[in-house]
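Dock chain B against chain A, hints included.
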Amino acid sequence: MNLPCQMNGERPVGRVAIGLFCVAAMFGAACSSDDGSDQGEESVAVGAPVVPTGTEAAEGPNRSVTLVTYDSFPDSDTSLNDALVEFTQTTGIDVNLLIAGDTGTMLAKASLTAGNPEGDVLWGVDNTFLSRALDEDVFDSYVTTGIESIPEELKALVPNGEATPVDYGDVCVNYDIAWFADNDLDPPSSLDDLIDPRYRDLLVVQNPATSSPGLAFLLATVDEFGSDGWQDYWSALKDNGVEIVESWTQAYYEQFSWAGGGSAPLVVSYGSSPPAEVIFADPPRDDSPTGVIESTCFRQIEFAGVLRGTEAPSEARELIDFLVSDRFQSELALNLFVYPANSSTALPQEFIDFAVVPESPHTIAAAEIESNRSNWIDEWTELMIG
Amino acid sequence: MDGADDRVTRLPSRQPGWLVLVLAAGPVAGLAVFYFWPFLTLIAEAVTGETVADALTRRTTWNVAWFTMWQATISTALTILVGLAPAYVFARYRFPGRQLLVGLLTALFVLPTVVMGAAFLALLPSSLDRTVWAVIGAHVAFNLAVVVRLVGALWEHLPTDMESAAATLGASPRRVFTEISLPLIRPAITAAAAIVFLFTFTSFGVIRVLGAPGTRTIEVEIWRRATQLGRVGEAAVLALLQLVVLAVIVLWSTLSQRRHSRALGLEPLTLRRAPRGRGERRLVLAVAAATAVVAAVPLVALAARSFSTPTGWSTAGWTNLGRTDIRPGIRIGIDPIEALGNSLRTALWATLIAVVIGGVASLAIAAAGRSGRFLDVGLMLPLATSAVTIGFGMLITFDTSPTDWRASWWLLPVGHALVAVPFVVRSAVGVLRSVDPAMIGAAATLGASPVRAWREIVVPYLWQPLAVGAALAAAISLGEFGATSLLSRSGSETLPIAIEQLLGRTGSILQAQGYALATLLAVATMLLVALVDKAQLFRQGQRQP
Numbered sequence: 001m002n003l004p005c006q007m008n009g010e011r012p013v014g015r016v017a018i019g020l021f022c023v024a025a026m027f028g029a030a031c032s033s034d035d036g037s038d039q040g041e042e043s044v045a046v047g048a049p050v051v052p053t054g055t056e057a058a059e060g061p062n063r064s065v066t067l068v069t070y071d072s073f074p075d076s077d078t079s080l081n082d083a084l085v086e087f088t089q090t091t092g093i094d095v096n097l098l099i100a101g102d103t104g105t106m107l108a109k110a111s112l113t114a115g116n117p118e119g120d121v122l123w124g125v126d127n128t129f130l131s132r133a134l135d136e137d138v139f140d141s142y143v144t145t146g147i148e149s150i151p152e153e154l155k156a157l158v159p160n161g162e163a164t165p166v167d168y169g170d171v172c173v174n175y176d177i178a179w180f181a182d183n184d185l186d187p188p189s190s191l192d193d194l195i196d197p198r199y200r201d202l203l204v205v206q207n208p209a210t211s212s213p214g215l216a217f218l219l220a221t222v223d224e225f226g227s228d229g230w231q232d233y234w235s236a237l238k239d240n241g242v243e244i245v246e247s248w249t250q251a252y253y254e255q256f257s258w259a260g261g262g263s264a265p266l267v268v269s270y271g272s273s274p275p276a277e278v279i280f281a282d283p284p285r286d287d288s289p290t291g292v293i294e295s296t297c298f299r300q301i302e303f304a305g306v307l308r309g310t311e312a313p314s315e316a317r318e319l320i321d322f323l324v325s326d327r328f329q330s331e332l333a334l335n336l337f338v339y340p341a342n343s344s345t346a347l348p349q350e351f352i353d354f355a356v357v358p359e360s361p362h363t364i365a366a367a368e369i370e371s372n373r374s375n376w377i378d379e380w381t382e383l384m385i386g
Numbered sequence: 001m002d003g004a005d006d007r008v009t010r011l012p013s014r015q016p017g018w019l020v021l022v023l024a025a026g027p028v029a030g031l032a033v034f035y036f037w038p039f040l041t042l043i044a045e046a047v048t049g050e051t052v053a054d055a056l057t058r059r060t061t062w063n064v065a066w067f068t069m070w071q072a073t074i075s076t077a078l079t080i081l082v083g084l085a086p087a088y089v090f091a092r093y094r095f096p097g098r099q100l101l102v103g104l105l106t107a108l109f110v111l112p113t114v115v116m117g118a119a120f121l122a123l124l125p126s127s128l129d130r131t132v133w134a135v136i137g138a139h140v141a142f143n144l145a146v147v148v149r150l151v152g153a154l155w156e157h158l159p160t161d162m163e164s165a166a167a168t169l170g171a172s173p174r175r176v177f178t179e180i181s182l183p184l185i186r187p188a189i190t191a192a193a194a195i196v197f198l199f200t201f202t203s204f205g206v207i208r209v210l211g212a213p214g215t216r217t218i219e220v221e222i223w224r225r226a227t228q229l230g231r232v233g234e235a236a237v238l239a240l241l242q243l244v245v246l247a248v249i250v251l252w253s254t255l256s257q258r259r260h261s262r263a264l265g266l267e268p269l270t271l272r273r274a275p276r277g278r279g280e281r282r283l284v285l286a287v288a289a290a291t292a293v294v295a296a297v298p299l300v301a302l303a304a305r306s307f308s309t310p311t312g313w314s315t316a317g318w319t320n321l322g323r324t325d326i327r328p329g330i331r332i333g334i335d336p337i338e339a340l341g342n343s344l345r346t347a348l349w350a351t352l353i354a355v356v357i358g359g360v361a362s363l364a365i366a367a368a369g370r371s372g373r374f375l376d377v378g379l380m381l382p383l384a385t386s387a388v389t390i391g392f393g394m395l396i397t398f399d400t401s402p403t404d405w406r407a408s409w410w411l412l413p414v415g416h417a418l419v420a421v422p423f424v425v426r427s428a429v430g431v432l433r434s435v436d437p438a439m440i441g442a443a444a445t446l447g448a449s450p451v452r453a454w455r456e457i458v459v460p461y462l463w464q465p466l467a468v469g470a471a472l473a474a475a476i477s478l479g480e481f482g483a484t485s486l487l488s489r490s491g492s493e494t495l496p497i498a499i500e501q502l503l504g505r506t507g508s509i510l511q512a513q514g515y516a517l518a519t520l521l522a523v524a525t526m527l528l529v530a531l532v533d534k535a536q537l538f539r540q541g542q543r544q545p
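One line per chain: the protein sequences are A and B, in this order. Positions 1 to 386 (this note's numbering) are the ones given, in order, by the first sequence. Positions 1 to 545 (this note's numbering) are the ones given, in order, by the second sequence.
Just so you know, these hints were derived from the structure itself, not from any lab. A few of these clues could be false.
Stated by the list, open to error - Cut-off 20 Å, straight-line C-alpha distance, at most; resulting in silico cross-link-like pairs (SDA-like, lysine to any residue):
id	chain 1	residue 1	chain 2	residue 2
1	A	K238	A	I385
2	A	K238	A	L383
3	A	K238	A	S263
4	A	K238	A	E379
5	A	K155	A	S131
6	A	K238	B	A212
7	A	K238	B	T131
8	A	K238	B	T215
9	A	K155	A	S360
Unchecked claim - Which chain B residues stay away from chain A? Per the calculated CB distances, all over 12 Å, these:
id	residue
10	A29
11	F36
12	T48
13	W66
14	R174
15	L182
16	I249
17	E280
18	L283
19	V356
20	R373
21	P437
22	M439
Unchecked claim - To give an idea of the interface, some chain A residues facing chain B are shown, with a C-beta separation under 7 Å as derived from the structure:
id	residue
23	D75
24	D77
25	T78
26	K109
27	L112
28	A209
29	E246
30	T249
31	Y253
32	W258
33	A259
34	D282
35	S374
Here a beta-carbon is modelled for each residue, glycine too, at the ideal position from N, C-alpha and C.
The shape of chain A in the complex, shown without the other chains (with noise of 0.2 Å):
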């Protein structure tokens, strides 16, 4: 149900007041709107047709197949959902999507319903959780018919079709270049540039235990470091007044000089956030206002799988396809800012410009991730926050 709620006013107070009017329309509606007729389906089908989950689509003539995600994948109206659409013209099996929450929350339900899951395909479990995902069986093995475009170190984890790399990218420290020109200071390039003291109270970063870019930045330091190195980094972090706070959003929209006006110049963020910043921008501008220092980078590969226990085992392998062909392929950089796993797919623009990929990014094998997370998490806050 959209309403016309362009708003072109001229003054702040005129657009307050159409907004108002909108919430009133929409409230006449909903309570108008026989809600018993269009609430009966639960998930999207992102194909044409509307088609319920549950049994009855599953006995029903129409093949389709259900693909739980993680909350930044959009359920409708992007280029994303379009390449599901020609998923479903093409094969005729109709796609629901089911959104399940953050990572951790997904990967939990998925871990809980084991065997029994709430669909067929699970995208966008990353490998800080990955071998919680094979060690608690979530998943049937697969070998996907495009495992050729995807390059080695992307399947390292996953060398028997446990799961199906789908995407990558990195946590890196993000700069205000604008900042640093004004204050005639050259922008740190290493993990221990941040300990210096000329980079002192300039760097936010996130709690691990409730962030997984923060989670993401401890590893970083903890693949540099060593397993007993990075407690003393991180003292000296803590001596040179880094910040730390709960999540993303605080520290990138709050503290970081750059978007939220604070005084961070320093921000643990993500590879592709400079040119998510030329893209959103408002008004548009044509260059990055921030950088990112390479060094610090910690690589996330996402993986998708069947799910074990699925009712429709073919349609979710013929989707594992898809989701790692061209076609859907090139639109995960401008609508989930990630690089495509194959790598045969081209680029958008803004990413080829803006973007970095490291060389050499920090990393650390899932399995040893899986057994120290939670002692590294925890020694974490005794350390930091004790």
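Below, chain B without anything else, positioned relative to chain A:
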């Protein structure tokens, strides 16, 4: 039916057993199926000797429990203290802007915590940023509406003659308050305190946004262990621990509410009047102004942020709100207008369920006398239980035919209603219990059967507290975030989820859109509250028992 001597202890008078059973059947069944069953299933699956030992031997568990307890205690005490003045003024006086202020307070109560937190951060001096005092301040502002509405609902019906008599006899206003008014409104204060305590004890969003890392409530820790660390068992143990503490509190509040409730000869009509004399006018002005500052400043900050971008002021957040493309060709898959529709629909159903179940339950509790307490406490339990654990419980319980409801659209409104019913019950039971039993006695004397006397005398008192409860229920549903993030399905994202997603992306225009949407949510809430308040006045005009 039998001896009239236990009338006083079994207010408003005991009803035939079958009536109580009929009334209680629905709420009990709903509670059993949608609360106890999933929760017990999760406990049975996840709680083992090992997880109990793991959870209880961790030092963090006890640090977290201690922090949770003391911040909730202080937050509750401050909220009551700060809330009494506006509760009194709003209940007793008629003045321009009164409705608006109550709406503003209620809007604060339902704003997504993420957004409220950000607004608070923008306001606070940086020395107060992320201290426990910022958290407590936000808790007070958030929950003021509970005190104002619950205490106010009773206060406006209190007959003023006792107060006037005491004043005539020379009691100072302070003495009138401590010796007459306070004891009379005590049941409502206890009820409000119980609810505020529940909310602050289980605080999640505020702590995540405003709290310094390391200041965690049990609820945050449950979420962290279950989702981020994958230790669902330990999370379930913590959920049990939290529940035990809260059950004790709720039991205490219910008992003390019963002990202190008395027949008041409530007036059916509001006695609100314009302030008279300089003293009263000053009081009303001061309280209204203070409330306006507390309620409006975060909302103004919120609206201001919807116009602010790193490169200056801009209206792009609003002009793009109804469009799904952010920029020609670039869409992000969040349709704010659709989310608004989803939110309103969900809220409508949740409110409907909560009002029906809560209304029936209140009548049952009031009619059942002493044993009504079990239903009363039972209905409060979902409020005290971690949303994360209930969500996970539902997920593993409703997964096989014929109860494969994981994908049903109505599970979300039912989940919201579980949390909203206690509000309906809290606001109704106090009023129902205070109905003067002498009136029922009189009806019986005149030949009315107990059921008829009950129907004609007790039931009409239900409408106004139900309206208050409905406003709170709708508000809770509109702003609910924790359970929704576990239960909602794609295509039915509610506003708080859409806001969270917009604020979680890089790009100034998405941020502005998120704040614009949050402003709309606040406005939608205020309209809703105003609407219910209007309906309530209308009904009062019609029904004069």
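Structure-based check of each hint:
1. A/K238 <-> A/I385: 10 Å, holds
2. A/K238 <-> A/L383: Within the cut-off at roughly 9 Å; holds.
3. A/K238 <-> A/S263: Satisfied, since the Cα-Cα distance of roughly 17 Å is no more than 20 Å.
4. A/K238 <-> A/E379: 14 Å, holds
5. A/K155 <-> A/S131: 14 Å, holds
6. A/K238 <-> B/A212: 15 Å, holds
7. A/K238 <-> B/T131: Roughly 18 Å separates the two Cα atoms, so the pair holds.
8. A/K238 <-> B/T215: 18 Å, holds
9. A/K155 <-> A/S360: 16 Å, holds
10. A29: At about 22 Å from chain A, B/A29 clears the 12 Å cut-off, so the statement holds.
11. F36: Given a closest Cβ separation of 19 Å, the condition holds.
12. T48: 15 Å, holds
13. W66: The assertion about B/W66 holds, with a minimum of 14 Å to chain A.
14. R174: Non-interface label stands for B/R174: nearest chain A Cβ at 43 Å, farther than 12 Å.
15. L182: 39 Å, holds
16. I249: Since the minimum Cβ distance to chain A is about 27 Å, B/I249 lies beyond 12 Å and the statement holds.
17. E280: Holds: least Cβ distance 33 Å, greater than 12 Å.
18. L283: Its Cβ never comes within 12 Å of chain A, the nearest being 32 Å, so this holds.
19. V356: B/V356 is indeed farther than 12 Å from all Cβ atoms of chain A, at 16 Å.
20. R373: 34 Å, holds
21. P437: 39 Å, holds
22. M439: Non-interface label on B/M439 holds, nearest chain A Cβ at 37 Å vs cutoff 12 Å.
23. D75: 4 Å, holds
24. D77: Holds: closest Cβ of chain B sits about 5 Å from A/D77, inside 7 Å.
25. T78: 4 Å, holds
26. K109: Where the cut-off is 7 Å and the nearest Cβ of chain B is about 6 Å from A/K109, the hint holds.
27. L112: 5 Å, holds
28. A209: Check passed: Cβ of A/A209 comes within 6 Å of chain B, closer than 7 Å.
29. E246: 5 Å, holds
30. T249: This interface hint holds because 5 Å falls under the 7 Å limit.
31. Y253: Check passed: Cβ of A/Y253 comes within 6 Å of chain B, closer than 7 Å.
32. W258: Check passed: Cβ of A/W258 comes within 6 Å of chain B, closer than 7 Å.
33. A259: At 6 Å from the nearest chain B Cβ, A/A259 passes the 7 Å test, so the hint holds.
34. D282: 4 Å, holds
35. S374: 5 Å, holds
Violated hints are absent here; each numbered hint is respected by the structure.
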